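2 protein chains.
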Amino acid sequence: MSARPISLGIMLHGAGGHMNSWKHPAGPADASVNLDFYVSQARKAEEAGIAFAFVADGLYINEKSIPHFLNRFEPLTILSALAVATRKIGMAGTVSTSYSDPFTVARQFASLDLISGGRAGWNVVTTPLEGTALNYSRPHPEHALRYEIADEYLAVTQGLWDSWDDDAVIRDRQTGQFFDPAKLHALNHKGRFFEVAGPLNAPRSKQGQPVIFQAGSSDAGIVLAGKYADAVFTHSPSLEETRDFTTRVKDAAVAHGRSRDDVKIYPGIGPVVAETREAAEAKYHAIRALLTLDEALAYLGRYFDHHDFSQYDPDAPFPDLGEIGRNSFRSTTDRIKAEAREKGLTLREVALATATPRPTFIGTGAEVAEKMIGWIDAGASDGFILGFPVAAEGLEDFIRLVIPELEARGRYSRDLPGETLRDHLGLPFKVSRHAGPQAQARAARG
Amino acid sequence: MSARPISLGIMLHGAGGHMNSWKHPAGPADASVNLDFYVSQARKAEEAGIAFAFVADGLYINEKSIPHFLNRFEPLTILSALAVATRKIGMAGTVSTSYSDPFTVARQFASLDLISGGRAGWNVVTTPLEGTALNYSRPHPEHALRYEIADEYLAVTQGLWDSWDDDAVIRDRQTGQFFDPAKLHALNHKGRFFEVAGPLNAPRSKQGQPVIFQAGSSDAGIVLAGKYADAVFTHSPSLEETRDFTTRVKDAAVAHGRSRDDVKIYPGIGPVVAETREAAEAKYHAIRALLTLDEALAYLGRYFDHHDFSQYDPDAPFPDLGEIGRNSFRSTTDRIKAEAREKGLTLREVALATATPRPTFIGTGAEVAEKMIGWIDAGASDGFILGFPVAAEGLEDFIRLVIPELEARGRYSRDLPGETLRDHLGLPFKVSRHAGPQAQARAARG
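Those sequence lines, one after another, are chains B and Z. The first sequence runs 1 to 446 under the UniProt record's numbering. The second sequence runs 1 to 446 under the UniProt record's numbering.
One thing to keep in mind: the hints can contain errors.
Identical chains share a label here; the pair holds if one copy fits it or two copies do between them.
[As the list claims (entries may be wrong)] Result set (BS3-like, lysine-lysine): computed pairs, CA atoms no more than 30 angstroms apart in a straight line:
#	residue 1	residue 2
1	Lys44	Lys206
2	Lys183	Lys64
3	Lys190	Lys44
4	Lys64	Lys44
Read the hints as simulated data drawn from the structure, not as lab findings. Everything numeric in this text was worked out from a predicted model, so none of it was measured.
Pulled out of the complex, with its shape left as it was, chain B reads as follows (with noise of 0.2 angstroms):
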């Protein structure tokens, strides 16, 4: 157990994960819309062993947006590009249950799958925003009905992938014979949100099916990647809280009858790092200093559903909101309205710590390193997702210095094992539901 691999995905996020990162002058400004860095991103991760690209979305600007959300690619289709501009690292991306159709979704999924030669991965979220209403002519489910939902769509999407055995389609040109009808499967659904027959028109991947991803942390979201996810992705407020998380996720996929092996966690980070720890705090002042006050209450007020802060005096208490942001990132919102109320915080420290936190995984590459073994053998997490604050720059440092400390630590390889995205994350080929028992009791065996 204390031997594990670390395992490492990464966001792709346009020029970083912090509001201005567009400023910083390690990368191109226009990062969120330039192909040509996304490639090369996605290209060094993969040299670098990193085995996936994880491409979050949202379907709702206005003009306080932040800046990266305001011009980017759509995940389907940026995804698709990075595939054929890439070898081995999978392709993960972002699409909402709430605003979009199963048979559409499990085909872009499916035809993403088959393109990248088994690499994909669909992280499901319900979207909080409830703007996003506004863009899809309905309106916003409430917090408990998007997970019901939910449940429904991702039933509906796994039934449509395994439409086709794997040895359904045989194509023989002397007899004549495509597929064989009695491997196709006519799915029938018809539930309380959705009714869809199928089949789906596209096979099955070289990993089955295409790996999901879960984003929520609710409880609602809890049981959801208990049920479904093969891979969560999460918070890293500190070693504890997310040790707890994970146990209840992993807590949950034995409640729905699958092991703890099931389902992977992987909490973002966002490391600092340089040659010293000073140089590290360096990189992170200079992060901090890209950023205005005022921009950093628009940044807190996103959260808050646009929220106008600048009414308050930034140097009094953070103010008690009551209601607002009970229906969107509500687990984001508790966390800052309970640490602002436990530690006295000013309004202006709350806005400029949420805008640009400080990173737990800051310092030299040793230390960095150090504390990711620390949180993986804690059984914290099965690895990390990296969202670097200011992407070019902190890829760069991560591979120069924290990857050759974990190799010398015996605790990473730069090959990563197999082809597929399951191969990577340590997941076995999704069988299909229709297999025989023998089938499905060798994939429960690993």
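Please build the complex by placing chain Z on the supplied structure of chain B, with the hints as guidance.
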């Protein structure tokens, strides 16, 4: 006018347009899900100066569907992949306005347009196939309603595409200004079918907006094309019929205040070419021999809501079908019925001719080239979309035998004009609706 160059597109539809093309030895049997084959076809076409690749689509299959529809790539994902594997050729694909959300489709095409550097095109269809409703949890809209939805849908997507003026995003690292709010336009559309606030989270592209293709041949389709389409994909029963159609579409464009040159007509043709006329006929018969009568009857049934034609005597006159086929592929089924009646054809003759129609363009390279030039010079069309019955053989023959003949007559260049799909099609940059009157007038002058 008589020296206009011939503009070409190419259908990428797996092994080819013929229902049993997968059996033909010229290409791989799994072509419809074979990325390498798609890349190879797109690159050969690009090298030959073909202006765009065109990927059709369908959202419903059952076990009677023709083989290359059973398993295939989804258009937006495969086009995004091909965009990275090519440099100049345009990337056009089908998405239905009856079974999708305009915000999602607007941004997926905007993203493809960015990824490809301004080479994206959207083939707008309303989906004739009623079975599609079975996969989308909703009733199938009838013909007229589908076109009313499409009209509003296009107004919304084109409005979203103009969310950001071409110079709206500034990214000034010194001043910290990311964009000019005066140059960002919310849409605030509230119509009969859609409410979409916008703005879109993607900028305009190198060609302004993706090219709009339209493929419906009914009266409602012609009106829609006249109003919105940059290019129209149509049938090619004969020079006269296609010229009549072309005249009607261009009249419809004029009726909407546009010029006849604003909408380009591309009939689909499936040339069969060889060194001699006899060798071309032999190629046609080899293709026809890929098919049994049972398969031809099933193929025919597809146009008539999967009507079971095996119940009739194949050598009796084509049966009276009454209302069958009135809601689905209507212009095709009306034509089949009329032709059977006029020529007194048997069911067998109709089925075989429908499944493997004798190509309008068949013969030597010189013959096919002359005929294509004849169509262009007669004003029947602005170009052609090559949909070879057998893709691998067809493209190779066409490049080897027809293109040199077109070049020898000074009617073809392998150097595509400009960089964007609009450049290739002889269409101007699409000026934003929010641009000043000067820019609009400049564009109108071309």
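Intra- versus inter-copy proximity for lysine 44 and lysine 64 (alpha-carbon distance at most 30 angstroms): Neither: 33 angstroms inside a copy, 46 angstroms across copies.
Alpha-carbon proximity context of lysine 44 and lysine 206, limit 30 angstroms: For lysine 44 and lysine 206, both the intra-copy (24 angstroms) and inter-copy (27 angstroms) Cα distances are at most 30 angstroms.
Copy assignment of lysine 190 with lysine 44, given that the CA separation must stay at most 30 angstroms: neither (45 angstroms within a copy, 45 angstroms between copies)
Status of lysine 64 relative to lysine 183 across identical chains (alpha carbons, at most 30 angstroms): Intra 52 angstroms, inter 14 angstroms, cutoff 30 angstroms: inter-copy only.
Checked against the numbered hints given earlier, this structure breaks hints 3, 4; the rest are met.
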